[in-house]
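For reference, the chains in residue letters:
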Amino acid sequence: MTLSTDPDAIQELTVEELRAKFGTGMEIAGDEEYMLLSMGPQHPSTHGVLRLLLELDGETVVNLAPDIGFLHTGIEKTMESKRYTLGLVLTDRMDYLSPMSNNLGYILAVEKLLGVEATPRAQVIRVILTELARVSSHLVWLGTHALDLAAMSVFLYCFREREYILDIFEMVAGQRMMVSYFRPGGLWRDLPEEFEPAVRKFLEFMPSRIADYEALTKNNPIWLDRTKGVGVVSAEQAVAWGMTGPSLRGSGVNWDIRKAQPYSGYEQYDFDVPLETDGDVYARYRCRMEEMRQSLRIIEQGLDNLPDGPVNIDDPKIVPPPRSELGHSMEAVIHHFKLWTEGFDAPEGFVYQSVESPRGEFACYLRGDGGPKPARVHFRTPSYVNLASLPIMSKGAFVADVVAIIGSIDIVLGEIDR
Amino acid sequence: MNQDQLVVDKIKAAYPDVIEDVVDFRGERTIYVHTGQIREVCQLLRDDADLQYNFLSDICADDLLPDFPRFAVNYHLYSIPQNHRLRLRVWAEDPEDGPETVGDVWPVATWLEMEVWDLLGVRFKGNGSLRRLFLPEDWQGHPLRKDYPLGYEEVQFSFNWQEIDAKKPYAKE
Numbered sequence: 000m001t002l003s004t005d006p007d008a009i010q011e012l013t014v015e016e017l018r019a020k021f022g023t024g025m026e027i028a029g030d031e032e033y034m035l036l037s038m039g040p041q042h043p044s045t046h047g048v049l050r051l052l053l054e055l056d057g058e059t060v061v062n063l064a065p066d067i068g069f070l071h072t073g074i075e076k077t078m079e080s081k082r083y084t085l086g087l088v089l090t091d092r093m094d095y096l097s098p099m100s101n102n103l104g105y106i107l108a109v110e111k112l113l114g115v116e117a118t119p120r121a122q123v124i125r126v127i128l129t130e131l132a133r134v135s136s137h138l139v140w141l142g143t144h145a146l147d148l149a150a151m152s153v154f155l156y157c158f159r160e161r162e163y164i165l166d167i168f169e170m171v172a173g174q175r176m177m178v179s180y181f182r183p184g185g186l187w188r189d190l191p192e193e194f195e196p197a198v199r200k201f202l203e204f205m206p207s208r209i210a211d212y213e214a215l216t217k218n219n220p221i222w223l224d225r226t227k228g229v230g231v232v233s234a235e236q237a238v239a240w241g242m243t244g245p246s247l248r249g250s251g252v253n254w255d256i257r258k259a260q261p262y263s264g265y266e267q268y269d270f271d272v273p274l275e276t277d278g279d280v281y282a283r284y285r286c287r288m289e290e291m292r293q294s295l296r297i298i299e300q301g302l303d304n305l306p307d308g309p310v311n312i313d314d315p316k317i318v319p320p321p322r323s324e325l326g327h328s329m330e331a332v333i334h335h336f337k338l339w340t341e342g343f344d345a346p347e348g349f350v351y352q353s354v355e356s357p358r359g360e361f362a363c364y365l366r367g368d369g370g371p372k373p374a375r376v377h378f379r380t381p382s383y384v385n386l387a388s389l390p391i392m393s394k395g396a397f398v399a400d401v402v403a404i405i406g407s408i409d410i411v412l413g414e415i416d417r
Numbered sequence: 000m001n002q003d004q005l006v007v008d009k010i011k012a013a014y015p016d017v018i019e020d021v022v023d024f025r026g027e028r029t030i031y032v033h034t035g036q037i038r039e040v041c042q043l044l045r046d047d048a049d050l051q052y053n054f055l056s057d058i059c060a061d062d063l064l065p066d067f068p069r070f071a072v073n074y075h076l077y078s079i080p081q082n083h084r085l086r087l088r089v090w091a092e093d094p095e096d097g098p099e100t101v102g103d104v105w106p107v108a109t110w111l112e113m114e115v116w117d118l119l120g121v122r123f124k125g126n127g128s129l130r131r132l133f134l135p136e137d138w139q140g141h142p143l144r145k146d147y148p149l150g151y152e153e154v155q156f157s158f159n160w161q162e163i164d165a166k167k168p169y170a171k172e
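Chains as they are written, first to last, in numbering that gives the first Met the number 0: chain A, 0 to 417; chain B, 0 to 172.
Okay, derived cross-link-like pairs now, EDC-like style, lysine to aspartate or glutamate, Cα gap no bigger than 16 Å in a straight line:
1. K76(A) - D146(B)
2. K145(B) - E79(A)
3. K145(B) - D368(A)
4. K227(A) - D277(A)
5. K124(B) - E99(B)
6. K76(A) - D117(B)
7. K316(A) - E341(A)
By construction, these hints were calculated from the structure, which means they are not laboratory data.
Isolated chain A, as found in the complex (with noise of 0.2 Å):
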């Protein structure tokens, strides 16, 4: 496509320009008159802003291209003029739905280019925090993909309990959402000691709500209709193009980063990886249902061995000093002020550091250049990779599945977009 050189001059397309400029790795079909439907941005399906072009026959969809870039925010570029820690507050708003992986990532990423490693302690409260952000994500995925075909109750049962875990983000780090709460080695602060209590409590009841959801679909007619056999994507399909998370297992690949390269010590913790082989959107919402049951197992270990200890690393130069030293430490005073006003020095190189998020495999490019400022932050965003096999997922189904396929493979466009 040629960009018009008058500025004021209003775009408008054809659709064989639309077509061209939508055919990304796919075939156009033949001669035959197809209709062209763009649906979304503003679709309540699309879970945010996301445009999907669709080639029809009839009702089904010969092809299909997502368009993206409607909450591109420039988070990447921000990122460069922002010092290590206070980068970390835009991590959050990537995937908005779970902050703790996203801090997780990063976090762990700017820990390996300077060579420390958190505290046991902090590093089991970390698993603890990601397995109930996990807990939390499904939750609203589940909600909102029920709610797209039409199961409207499961959607207010989910917040319910959605609802208690953003209260325990809250207790801990003081935000519900935005948690900012993991930093460069160690956390914000300890835990509240009303903490332990309510997660006890959440286990408690988690498993009996978690039944609750399975009895509302796992079984119900109208759900297996609308799920079995629809958006299937082989094993081999999906590890070429990249699938991670439930939907990649939902496939038959046994591949869960916690497991095959465990991080923040997870090899410590005894849990499944729940595994199906249909590839449909049936067996990626099973995956994603056993998935919560394993996340509570995990955090019942974390709690029931929670050591004791600081919960930061010994480095004034990384960690700032406690509050209570300012007061009469000369030496406390001038480490904050240096770090509040230079921060820390990284060393020069790149690292690559993956964690599972909910939605797959997140991940923190980090090349330092000596200096306080990353010189380049890169992330390989679960759903934006996902999102690619969505036109050969739905390739053949009708414009109600295209529905349900975007649901089942849980994007989050802040994330995509960044």
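For chain A, the structure is supplied; the task is to place chain B on it using the hints.
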């Protein structure tokens, strides 16, 4: 045998001159590959029975502005059967004449290369669908480059009032 070493040996056996450098940092191995042969190396790494790098995690580029070559493209590979990560890094001296696409090795690469082109302007040879992905169709420039300003409004002073006023987007009489 050490997987890190095995990769280097296998590449050297097939393409003797293709490796420019091997760097280890924080337990991660980076292999600098000659730009012209990235596709062949990727094909080898994916198809070799002992390596099986069947999963392409990510493609991202770096802008190292004062230096030459200015651009570097990283390929983050992962082998699900061998449980091993690897980074290939190639230099792109001229962003308009970048490395060859690896879209026929891993289909997802087409999609990942689009992002690199949109934000950093490194053009991949043979990728026919490079287009504006995140930015509007008529956007000028590539924002993740180091010479691209972060964006702010210029302050008008009496000596340059007219000059800056002419560039402001609001309607004029």
